[in-house]
Amino acid sequence: MTYAGGPQFPEPTGPVPPQAGVPGPAQPPAAAPKKSKRRQKIVLTVFLILVAAVLALVWVASRSYGENAQVGNCVTESGENYVKIVDCGTPEATLKVVARVEDKTQIEAQISACTPYPDADQVFWQGKEGETGVVLCLAKTGK
1 MTYAGGPQFP EPTGPVPPQA GVPGPAQPPA AAPKKSKRRQ KIVLTVFLIL
51 VAAVLALVWV ASRSYGENAQ VGNCVTESGE NYVKIVDCGT PEATLKVVAR
101 VEDKTQIEAQ ISACTPYPDA DQVFWQGKEG ETGVVLCLAK TGK
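Take 1 as the starting number for the sequence shown in full-length UniProt numbering and just add one per residue.
Treat the hints with care, as some may be off.
Distance windows between CB atoms, simulated [said to hold, decoys possible]: (1) 55 <-> 129: 27 to 37 Å; (2) 36 <-> 57: 25 to 35 Å; (3) 79 <-> 118: 22 to 32 Å; (4) 103 <-> 37: 49 to 59 Å; (5) 122 <-> 52: 36 to 46 Å; (6) 115 <-> 56: 31 to 41 Å.
The calculated lysine-lysine pairs, modelled on DSBU-like cross-linking and capped at a C-alpha distance of 30 Å, are [claimed, not checked]: (7) 128 <-> 104; (8) 140 <-> 128; (9) 84 <-> 128; (10) 84 <-> 104; (11) 140 <-> 84; (12) 104 <-> 140.
If you're looking for bench data, these hints aren't it; they were derived computationally from the structure. Remember, predicted model here, so these are calculated numbers, not experimental data. Backbone N, C-alpha and C define an ideal beta-carbon position, used for all residues, glycine too.
Please construct the entire structure, taking both the sequences and the accompanying hints into account.
Here is the structure:
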């Protein structure tokens, strides 16, 4: 059709795109990229294995700390204020725990914590300064 004095537009030949605010035919949503569940499982498994390994290393490293020693354990001096639990059959087992006393200050440990244990030759205290800690009453093993 032709109109006098106005612009002429060609007739649309294909589907007309929907205009804003005008409902049109529903278009399917774009497909979300599929994430590999296998990859997620592998990453999670590796992460859990690493966490377990770190926890195991911390446990193994900390179990020989002196504050974990129990009566009957053997220890060796490992630094000025540190003892390490060792096997009683080894030559480094120079001291044996004859008593373990909880909740004592450092001063109480030095003065009276091991008095009831006449076999005790040395006192080891582990804790934070100004707070209570653990006292180990130690006897020489005779090695």
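Outcome of the hint check:
1. 55 <-> 129: 27 to 37 Å: 29 Å, holds
2. 36 <-> 57: 25 to 35 Å: 31 Å, holds
3. 79 <-> 118: 22 to 32 Å: 27 Å, holds
4. 103 <-> 37: 49 to 59 Å: Holds, since residue 103 and residue 37 (Cβ atoms, about 52 Å apart) stay within the stated range.
5. 122 <-> 52: 36 to 46 Å: 38 Å, holds
6. 115 <-> 56: 31 to 41 Å: The hint (31 to 41 Å, Cβ to Cβ) holds, given that residue 115 and residue 56 are roughly 40 Å apart.
7. 128 <-> 104: Within the cut-off at roughly 11 Å; holds.
8. 140 <-> 128: Satisfied, since the Cα-Cα distance of roughly 26 Å is no more than 30 Å.
9. 84 <-> 128: 18 Å, holds
10. 84 <-> 104: Distance of about 20 Å is within 30 Å: holds.
11. 140 <-> 84: 14 Å, holds
12. 104 <-> 140: 22 Å, holds
In summary, the structure agrees with every hint in the numbered list given earlier.
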